[in-house]
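2 protein chains.
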Amino acid sequence: MSLLTVGTVAFDSIETPFGKVEKVIGGAATYISWAASYFSQNQKLVSIIGDDWPKSEIKALNNRGIDTQGLQIVKGGKSFFWAGKYHEDLNQRDTLVTDLNVLADFVPELPESYQDAEFLMLGNLTPDIQMAVIQQMEQRPKLIAMDTMNFWMDVAMDSLLKTIEMVDVLTINDEEARQLSGEYSLVKAARAIFKLGPKYLVIKKGEHGALLFHEDEVFFAPALPLLEVKDPTGAGDTFAGGFMGYLEKSNDTSFENLKRALIVGSAMASFCVEEFSLDKLKNIQSHELESRLKEFKNLVHYSL
Amino acid sequence: MSLLTVGTVAFDSIETPFGKVEKVIGGAATYISWAASYFSQNQKLVSIIGDDWPKSEIKALNNRGIDTQGLQIVKGGKSFFWAGKYHEDLNQRDTLVTDLNVLADFVPELPESYQDAEFLMLGNLTPDIQMAVIQQMEQRPKLIAMDTMNFWMDVAMDSLLKTIEMVDVLTINDEEARQLSGEYSLVKAARAIFKLGPKYLVIKKGEHGALLFHEDEVFFAPALPLLEVKDPTGAGDTFAGGFMGYLEKSNDTSFENLKRALIVGSAMASFCVEEFSLDKLKNIQSHELESRLKEFKNLVHYSL
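Residue numbers (the numbering used here), protein chains in the order written: chain A, 1 to 304; chain B, 1 to 304.
No lab work stands behind these hints, which were simulated from the structure alone. We treat Cβ as the ideally placed atom computed from N, Cα and C, and that holds for glycine. Please note: incorrect hints may appear among the correct ones.
[Claimed, not checked] Straight line, CA to CA, 16 Å or less: simulated EDC-like cross-link-like pairs of lysine to aspartate or glutamate: (1) B:K188 to A:E217; (2) A:K188 to B:E274; (3) A:K142 to A:D158; (4) B:K297 to B:D279; (5) B:K188 to A:E274; (6) B:K20 to B:D99; (7) A:K195 to A:D168; (8) B:K297 to A:E217; (9) A:K188 to B:E228; (10) B:K294 to A:E217; (11) A:K199 to A:D168; (12) A:K294 to B:E217; (13) A:K297 to B:D168; (14) A:K294 to B:D216; (15) A:K297 to B:D51; (16) B:K75 to B:D51; (17) A:K23 to A:D52; (18) B:K294 to A:D216; (19) B:K75 to B:D105; (20) B:K85 to B:D67; (21) B:K297 to A:E274; (22) A:K75 to A:E112; (23) B:K78 to B:D99.
[As the list claims (entries may be wrong)] Some chain A residues judged to face chain B by a derived CB distance under 7 Å, without partners named: (24) M1; (25) S185; (26) K259; (27) R260; (28) L299; (29) V300.
[Said to hold, decoys possible] Chain B is nowhere near these chain A residues, computed Cβ spacing over 10 Å in every case: (30) Q41; (31) L61; (32) D67; (33) K78; (34) A83; (35) E88; (36) A192; (37) H208; (38) K249; (39) T253; (40) E288.
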């Protein structure tokens, strides 16, 4: 049993109304793997970096039980770099720099030892790369989840649709669900997206929580109102990591268990945004996680 | 025991991406009173209309147990009229017409028989009028709730703050909470607003649900994802009506009971938006309400 994640491993420069950091650790797969490591003991990472990405960070991943055999290191290459600036309304951000660097020529290669992965998380990337990873799996994983974004709907819709057809869980935000389905009602959007392939649709709404649709059912995980939100970068990936890590650990893909996983993902995301980069995500104590999960329960629990 | 509501009784013309209606029944107090009537058996209304507002609608209110002795009817006058057009994103709307008409000279007058009201709902109106109603009460009601909006923060902040100081529950949306408090974090906004007087803060987020803050606690009521949303007009008032109607009926102002009331208000609002004007709100069967409340529970209930 293991969780295989493909996605970016990167450097970020981030400015929010609450501070500014330069060339810190980032990347979808980095957030996913760290968040999942609080649950899954057996993870495998597929990505690409230049030799500028700190060796100590690779070691830190290994120490969390994450196999990095599939992490290609390009000698003399530069790692993917993203810079962004958030508005006062943290739901809005401007991308200032996107340097693909080594990511531009990324061809994922699955080590033989990765073939037993039963859970596959496809972080936001070119749909062609996501598809290539699925195709390299000799046996279809028990559960494939895929994150994507509006950018791919604009520039690679055909290949995006082919990839979406192959996955079980699609995670996108509400605007993207509307764009992909052409439906304003999220209930109708979910129905339209189920026709494209996925059995589950997770709609991420940032500070407004997340919805999980399955057949005619729907479940909602709130976002915890926080005293401080310093940096929303990676919150969606952290959510996905908590979600998939919990599923892998419990090895249960029932709707009831996906509900629990949605809450766990939301709890992990609530930690992520409290500090810049992975500063909080790398240092969550088990009592903090327990008490955060209790806060989530109190937030929505009532008797009526 | 009774619920006293002050607010507008009006005509609306509404255009949404899903249809258009001309000069239909509207007004905050109308929505509040109808929604509350599914719970409270004893309501009193304070408002003003022209003699153009249908007598049959007044009778319909009376038939729901709503005393309209405090509803002033101006002979030859015209009722308040509002026209608006909603965007594709139903959270955005443009006001096309605001004809105050008889509302321009509204001086609320409480009939003697209204003095026993223990629950007071101040619908969105000039803060001066809201304050005048509080001041006319010989005995302070057990619970005073007040709805307001950014417009009054822009044009009547002094009088708004004086009124807010006198109430127990303030209901505003997230943007307004940020504007009023100067804080972006809703947790910090709530703390700042508690210093202004209220013990409870309800933050209405439309399709993203509602938050209830009290001391250091917070509770969240989701919005039910709906197949069809035809007209969001009056949703916030319907929410307030369900909330206050439930409180009056149960005569319990504990935080635990306010949580239940928040869910009830959200359920009522989910009916409101399914049809134009009060079309659905006037015709909710008790089995529909029960099953809607069950849907709300299923939406957020999980075991973890």
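Here's how the hints hold up against the structure:
no., hint, result
1, B:K188 to A:E217, "35 Å, violated"
2, A:K188 to B:E274, "14 Å, holds"
3, A:K142 to A:D158, "25 Å, violated"
4, B:K297 to B:D279, "25 Å, violated"
5, B:K188 to A:E274, "14 Å, holds"
6, B:K20 to B:D99, "19 Å, violated"
7, A:K195 to A:D168, "12 Å, holds"
8, B:K297 to A:E217, "12 Å, holds"
9, A:K188 to B:E228, "9 Å, holds"
10, B:K294 to A:E217, "13 Å, holds"
11, A:K199 to A:D168, "5 Å, holds"
12, A:K294 to B:E217, "13 Å, holds"
13, A:K297 to B:D168, "26 Å, violated"
14, A:K294 to B:D216, "15 Å, holds"
15, A:K297 to B:D51, "51 Å, violated"
16, B:K75 to B:D51, "6 Å, holds"
17, A:K23 to A:D52, "11 Å, holds"
18, B:K294 to A:D216, "15 Å, holds"
19, B:K75 to B:D105, "14 Å, holds"
20, B:K85 to B:D67, "32 Å, violated"
21, B:K297 to A:E274, "29 Å, violated"
22, A:K75 to A:E112, "23 Å, violated"
23, B:K78 to B:D99, "9 Å, holds"
24, M1, "21 Å, violated"
25, S185, "6 Å, holds"
26, K259, "5 Å, holds"
27, R260, "5 Å, holds"
28, L299, "5 Å, holds"
29, V300, "4 Å, holds"
30, Q41, "20 Å, holds"
31, L61, "27 Å, holds"
32, D67, "28 Å, holds"
33, K78, "35 Å, holds"
34, A83, "22 Å, holds"
35, E88, "7 Å, violated"
36, A192, "12 Å, holds"
37, H208, "4 Å, violated"
38, K249, "13 Å, holds"
39, T253, "16 Å, holds"
40, E288, "16 Å, holds"
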